[in-house]
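There are 2 protein chains.
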Amino acid sequence: MEKQRTVFFVSDRTGITAEALGRSLMSQFDGAGFRQVTLPFIASVDKADAAVARINATGIEDGVRPVVFSTIVDDTMRVIIHRSEALCLDFFDAFIGPLERELGMKSSHTAGRAHASASDAAYINRIEAVNFALANDDGITTRNYPKADVVLVGVSRSGKTPTCLYLALQFGIFAANYPLTEDDLQRGRLPEVLLPFREKLYGLTIEPARLQQIRHQRRPDSRYASSDQVRYEVERAENIFRAAGVPHMNTTHPSIEEIASTILHQTGIKRRF
Amino acid sequence: MEKQRTVFFVSDRTGITAEALGRSLMSQFDGAGFRQVTLPFIASVDKADAAVARINATGIEDGVRPVVFSTIVDDTMRVIIHRSEALCLDFFDAFIGPLERELGMKSSHTAGRAHASASDAAYINRIEAVNFALANDDGITTRNYPKADVVLVGVSRSGKTPTCLYLALQFGIFAANYPLTEDDLQRGRLPEVLLPFREKLYGLTIEPARLQQIRHQRRPDSRYASSDQVRYEVERAENIFRAAGVPHMNTTHPSIEEIASTILHQTGIKRRF
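Sequences listed follow chains A and B, in order.
Be aware that the first sequence starts at 638, since it is given in the working numbering, and climbs by one per residue.
Be aware that the second sequence starts at 638, since it is given in the working numbering, and climbs by one per residue.
Chain A on its own, in the form it takes in the complex (with noise of 0.2 Å):
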C-alpha cells in the first residue's frame, strides 16, 4: 500500500490564504492523494511547539515527512515551525527578502496587519452589503435598486442569491437580484420595472442539463425540474438578454468565486473595499 503523505496549512491567522495557495499547488500532483490539515492561530511560542510536534508525529505516523505550507509572518513563530521535519514552504520567507530590496525598505514583520488594517467603517460598509444583499434577493423588492452596484437577472436557481452574497462578502459590492418569472419569459422581454436600471443589469444563464440536476435536487420530478420547462426558461432568458442588450455569463462550469470576479472584470463595477 502507498503512504499517504500528509499536507498541513499553517497560518498565523485563518490559514484561508495558507490552504488557497496549497491546494493550488498540490492540485498539480494529480496520482498522490494528500490528507490535508489546517493549523490557523498560530501565534504563540506555546501554539508553534504544539504545531512542530504535531507536524513531527503524523510524519512518523505516515512514514513519509509532511509538506507545510506557512503563511506565518512573525520571525519567531516562522523559525520554529521550519524546525519541524516537513518540507516548508514558506511563502514569507520567498517573497519578503526581494520585496525588501525593492522597495528599499524592511518590512514590519507584523502578523496577519492585513486583516487587522480593515477600518471600522470598512467593516460596515461589508455588514450592509450583506443586509443589501438579503434585503434584495429574489425580487424581494426593486426600490433599492437605485442603490444597487449591480441587479443580476436570470432564471430560478442560475446562481444570483450565492453569487450576490459572495460579492457582498468578498467586496463590499451591493448587489441585488430578480428573477425571470413565467410571465417575463412569456413576454420576452425585460420588464418594465428593470429598465430604468438597465446599465446596471448582469444576466446569468445555465445549461438546462445542469440547471434541471440543481432543481431536481430543490423538487424532485416537478415541472419546474423538468427537462421541457428548463429548456425553455433557459432559452427564452438568453434571447431576452441578447435582445436588451444586457451582458450575461453561464454559471455552468465556473466557481462562484469565479463567476463573481468575472461579473466584475466586464462590468467594472469597483470593489469597496
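The reader is advised that the hints may include incorrect statements.
A pair holds if it fits inside one copy or across any two, identical chains being indistinguishable in the list.
Calculated pairs, DSBU-like style, for lysine-lysine (alpha carbon to alpha carbon, straight line, at most 30 Å) [claimed, not checked]: (1) 640 <-> 837; (2) 640 <-> 743; (3) 640 <-> 907; (4) 837 <-> 907.
The set of hints was computed from the structure by calculation and includes no laboratory data.
None of these values were measured; they are calculated from a predicted model.
With chain A fixed as given, assemble chain B onto it according to the hints.
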C-alpha cells in the same frame, strides 16, 4: 512628491489568491502607498501580452517599476508575464520545483486545477449550504436544526448572519442562527427550543460600544441602539452562554473570516468541501 508604485495581482483564474498573498506581503510595508490592480483570467497569449503592455506602461507613467504577484500556472503565459519590466514574484515558480523534487513526480501544470476539480456534488452542497443559511437565518424556524452543523446564538447585530453565510460559502457548512430575544434575555437562560441542540450551539458576543455603533447605523437614536439597551443585552447574553456552557467568542475585532475560522477550530466541525 514621492512616486507611487503600482502592484499588480496577475492570475489565470480569479486573482483572489494572488490578491490575498500580495496584500498580506505589501501590508508589511507601511510607509509606501501602493496602487492595486488585479488582472484576472490571463489565460491566453493575447491576454498575457496585453497584461505586459499595461504593466510596462504603468511603470513608465509611475516613474517606478511595478511589482507583480503572479499565480499563473501555465508555462506559456507565465514566461510572457516574466518578460515585463516589473519585479515579478511568482508563486508557482517559487514552490513547484521543491514540490516536484519532494514528491518525486512532475506537476501537471494545468491552470486552475484547484477550482476545476470541485465536483458537481461539492458545488451543489455549497449552494445547499447557502440556501440552508438563508432558510434558517434569524430564528425564522428551528425545525431544521437537526440538519445543522452549527447554530449561532447571539443578540441582534452580533454578526450571526454574515458568519453563517461565510461558513456556507467558504466551507459548505450548514449554519443556522438564532437571535436571543428580549424575552430570552429577561428569563436569563437558553430558550427551551434550543435545548435539544445544545451541543451545536455557538455564541457570538460583541463589545457594547461597537454594537451600539452598528445598531445606530441601522436605526439612528432608537432604544434598540441606546447605550443602556446594548449594555443590558450583551451582559445578559454572556451570562446565558456562561451558565449554559455554550462556547462563545467576541466578534468586535476579528474579521468575518477570522470569526468563521475560529468557530471551526474551536468546535471541530468538519468543512464539507
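- Item | Violated constraints from the hint list, given by number and in increasing order | 1
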